[in-house]
Amino acid sequence: MTRRRTQVLAPMGALALGAALFAPFAFAGEIYGRVISGNAAAPAGTTVAAKCADADYPAKPIDAKGAYHIIAGRTGKCTLTITMKGQSATVDVVSYDDPVEADIVLDTRDGKLSARRR
Amino acid sequence: MGEKKDLWDKAAVLLQPVGGGLAALAVAVVGLRGSQVLNDRQAAETNARLYSELMSRREEAESSLRKDMLVSIIQSFLRPSAGDLDSLVLNLELLAYNFHESLNLKPLFLDLQRRLAKAPDPEREEYRARIDRVAREITARQLFSLEGHGDSFRRSIDLDELEKTGRFGLDLEPEEVQVDNTRVVVALRVLEVDRRQQQLFVRLTVSSPEGGAELTDSRAMFSVGFYDFPLIDNTRLANGQRCAVTMSAWSKTNADLTITCFPGEYASLKDRPYIDEVMRKLTEQAAPKP
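So the sequences go chain by chain: P and G. Quick note on numbering: the first sequence equals residues 1 to 118 in my numbering. Quick note on numbering: the second sequence equals residues 1 to 290 in my numbering.
Think of the hints as simulated: they come from the structure by calculation, not from any bench. Glycine is no exception: its CB is placed at the ideal position from the N, C-alpha and C atoms. Where hints are given, some of them may not hold.
[To be verified] Some chain G residues judged to face chain P by a derived CB distance under 7 Å, without partners named: (1) ALA96; (2) TYR97; (3) ASN98; (4) SER145; (5) HIS149.
[Unchecked claim] Quick partial rundown of chain P residues pointing at chain G, CB under 10 Å, derived from the structure: (6) TYR96; (7) PRO99; (8) ASP103; (9) ASP107.
[To be verified] Heads up, simulated DSSO-like pairs for lysine-lysine below, C-alpha to C-alpha not over 30 Å straight-line: (10) P:LYS85 <-> P:LYS51; (11) G:LYS67 <-> P:LYS77; (12) G:LYS106 <-> G:LYS164; (13) P:LYS51 <-> G:LYS106; (14) P:LYS85 <-> P:LYS60; (15) P:LYS51 <-> G:LYS252; (16) P:LYS77 <-> G:LYS164; (17) P:LYS112 <-> P:LYS77; (18) G:LYS10 <-> G:LYS106.
Could you build all of it, start to finish, from the sequences and the hints given here?
Here it is as structure tokens:
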């Protein structure tokens, strides 16, 4: 009886311990917002990629309303790379334990794309 | 011998009583219809009166309930006895969820934060997390509603970099915002950080953009933390609009601020407009539109 109880409880204990250890990372580092170009959502095909410390997060396309969403999974400084019509620009954003909203405004000056946080 | 009656005379004999009958019928129809219209109008007025009476009674009952609730909760904070922390946290949660639109609760939040820091209670971290969660939830809720009527932007601060500047502070990139067809430039300088209480001391400057309409510059210095709710804690600009700075995220190395500017009408219930603001609004509304 005791052996069977141990057999059942051991994996559950390990699961609980794992959840407790990794819970802060599971929800940390969520960055979301909109990419705006010329007072409207950036055109379809625009992508947002992120680099937080040594971790790279692949580029994802924005939706029809310009929204993007990245689960970085870690806190600290991140660099978002926004690519629109073959040109890229970067903007720095800090990711926290809580989700952080970062709207990005794209601008083209002298034919060069620039990005800033709004 | 009588005169021979023509067709018109015969018709008159037949139609005279019919005409009388029709006139009587018309009078009756008009009377009935008129009385029906009057009844309908009276019923509508009675319904409207009943509805407004019910609404005002409900309002009165709610006000009375809120007053009693406020008095009993506030007393728990003002009593000199220490009181148990669990009740204080619960009372603050009740206050915050029910009165966040009409009361500035920052002093109570800070007071409880200080009590928790001193208390030897093993659960104090959990209590601290609870009051922080309430504050963040309320700020997020208020920001969501204010951003729909105004304009906002966000900035990150590197706390280590800020501390290196000493008392000179750190300038954040200014942003042009538009509220009710008025454009203003909002600039923020972060002067100091209190890591223990998670507060930033900032200077807010709101001015006209270059070439824009003349607006008196507004400057204000204040501290910003998680317990500053934008609806209550905001800066009144010369044109009656408001700008609020709120803490949206915090870590050991960084902090994020959200700056929201919105029309004065959406400020809290405790915020009364100046008479000249009201007069200007009325004049603007009465003026013919081009």
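Consistency of the hints with the structure:
Given hint, ALA96 of chain G at the interface with chain P, is violated; its Cβ is 18 Å from that chain's nearest Cβ, farther than 7 Å. Contact between TYR97 of chain G and chain P, as hinted, is not supported at the beta carbon level, the nearest pair being about 19 Å apart and thus beyond 7 Å. At a threshold of 7 Å, the smallest CB-CB gap from ASN98 of chain G to chain P is about 24 Å, leaving the interface hint violated. Annotation: interface hint on SER145 of chain G violated; nearest CB of chain P at approximately 15 Å, more than 7 Å.
Violation of the interface hint for HIS149 of chain G is found here, the shortest Cβ-Cβ separation to chain P being roughly 17 Å, above the 7 Å cut-off. Interface hint status for TYR96 of chain P: upheld, as the beta-carbon distance to the closest one in chain G is roughly 4 Å, under 10 Å. Residue-level restraint check for PRO99 of chain P holds (minimum Cβ-Cβ distance to chain G is 9 Å; threshold 10 Å). With a cut of 10 Å, the hint placing ASP103 of chain P at the interface with chain G holds, because the nearest CB-to-CB distance is about 7 Å.
Here the hint on ASP107 of chain P is broken, as its CB sits about 13 Å from the closest CB of chain G, past 10 Å. Pair hint LYS85 of chain P plus LYS51 of chain P holds up; C-alpha atoms about 21 Å apart against a cutoff of 30 Å. Taken as a hint, the LYS67 of chain G and LYS77 of chain P pair is broken in the structure, with Cα atoms around 47 Å apart against an allowance of 30 Å. With a C-alpha separation of about 29 Å, the suggested pairing of LYS106 of chain G with LYS164 of chain G holds against the 30 Å cut-off.
The hinted pair formed by LYS51 of chain P and LYS106 of chain G fails the criterion: a straight-line CA distance of about 37 Å is larger than 30 Å. For the hint linking LYS85 of chain P to LYS60 of chain P, the alpha-carbon distance of about 14 Å falls within 30 Å, and the restraint holds. Taken as a hint, the LYS51 of chain P and LYS252 of chain G pair is honoured in the structure, with Cα atoms around 20 Å apart against an allowance of 30 Å. Between LYS77 of chain P and LYS164 of chain G the CA atoms are separated by roughly 18 Å; this keeps the pair inside 30 Å, and the hint holds.
Annotation: proposed proximity of LYS112 of chain P to LYS77 of chain P holds, straight-line Cα distance about 25 Å (limit 30 Å). Taking the CA atoms of LYS10 of chain G and LYS106 of chain G, the gap is near 97 Å; set against the 30 Å cutoff, the hint is violated.
The structure is inconsistent with the numbered hints 1, 2, 3, 4, 5, 9, 11, 13 and 18, although it conforms to all the rest.
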